[in-house]
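2 protein chains.
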Amino acid sequence: MESSTLIPVSPFSFFLPKPHNRTWIRRNYSTTIQCNKMYVPGFGEASPEAKAANHLHDFFTYIAVRIVNAQLESYNREAHAELTEFLDTHSLKDGDKFCADLMRESPRHKTLALRILEVRSAYCKNDFEWDNLKRLASKMVDDHNTRLMRDYVLETSHEES
Amino acid sequence: MESSTLIPVSPFSFFLPKPHNRTWIRRNYSTTIQCNKMYVPGFGEASPEAKAANHLHDFFTYIAVRIVNAQLESYNREAHAELTEFLDTHSLKDGDKFCADLMRESPRHKTLALRILEVRSAYCKNDFEWDNLKRLASKMVDDHNTRLMRDYVLETSHEES
Chain L
12 MESSTLIPVS
22 PFSFFLPKPH
32 NRTWIRRNYS
42 TTIQCNKMYV
52 PGFGEASPEA
62 KAANHLHDFF
72 TYIAVRIVNA
82 QLESYNREAH
92 AELTEFLDTH
102 SLKDGDKFCA
112 DLMRESPRHK
122 TLALRILEVR
132 SAYCKNDFEW
142 DNLKRLASKM
152 VDDHNTRLMR
162 DYVLETSHEE
172 S
Chain F
12 MESSTLIPVS
22 PFSFFLPKPH
32 NRTWIRRNYS
42 TTIQCNKMYV
52 PGFGEASPEA
62 KAANHLHDFF
72 TYIAVRIVNA
82 QLESYNREAH
92 AELTEFLDTH
102 SLKDGDKFCA
112 DLMRESPRHK
122 TLALRILEVR
132 SAYCKNDFEW
142 DNLKRLASKM
152 VDDHNTRLMR
162 DYVLETSHEE
172 S
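Quick note, the sequences are listed as chains L and F, same order. Sequential numbering from 12 applies to the first sequence in my numbering. Sequential numbering from 12 applies to the second sequence in my numbering.
Bear in mind the hints are in silico, worked out from the structure with no lab data behind them. A quick note: this is a predicted structure, and the numbers were derived from the prediction, not measured.
Copies of one chain are not kept apart here, so a pair can be met inside one copy or by any two copies together.
Okay, derived cross-link-like pairs now, DSS-like style, lysine-lysine, Cα gap no bigger than 27 Å in a straight line:
hint: 1; residue 1: K136; residue 2: K121
hint: 2; residue 1: K108; residue 2: K150
hint: 3; residue 1: K121; residue 2: K150
hint: 4; residue 1: K104; residue 2: K145
Only chain L is shown next, with the shape it has when bound in the complex:
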């Protein structure tokens, strides 16, 4: 028989009416540890991390296009003009569609598209500061929470006085 042990890993486990069903770790000494993360509804098969990665993917394409266009500006004015013109008529909201369309525009545009693919990969893996992103997001949530509560307190104390 297996023994089952629940280990709360979050200090906010009192918020948990439902167990988080995403991650189960089975140790080889036959103990099942349940990961007590908060249940996030509405993501179906995907996860919030996959959803966020999807958004970042489009963001990296947007950044790669800006990087490549700025590079072209200084040493290939013709290609810079072509890419700028293409940008005026094609949305960057769906990064992959933008690249697919760019590839099919002309052989010269195809070369630009291939460079954008290469740059977005290099940017994601080498240049983007992932640790900084986590640090900034954590600081942001603290700062904004404090500001929201302070504004409310100031507003209501003003009303009372």
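Fit chain F to the supplied structure of chain L, relying on the hints for placement.
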């Protein structure tokens, strides 16, 4: 006189017409090392990481609202109904504005808003899998780049044949 040494840290440094002006490291033996990240134009004082953190901040608020509403559904139907009704009439696009408005709706709504602030902080710091985000985004860029190139090759080889 100082001697200046440029050390390329990215394998894509040949893409670099302009030096990246964000990070300069000055060593105490009087050598200046320039960080050769690709120059990203158009972010002014902010950074791509700050922009991404800003988007994630709203995403965490959206998730916190879903978490809290799912929790309420199972043990406080009245509060669940109130939050659902509020969601129908207020956009979650700007998370901080949503929370500020919720706080000012009624004392009961204020309690819900405070819980949402607490949950978004806990989610960002404890539950969100940052390493997984990086892994998924890196895999996504590889997979999508391969798919875009494969689709193009298949399409053009079909035309040729």
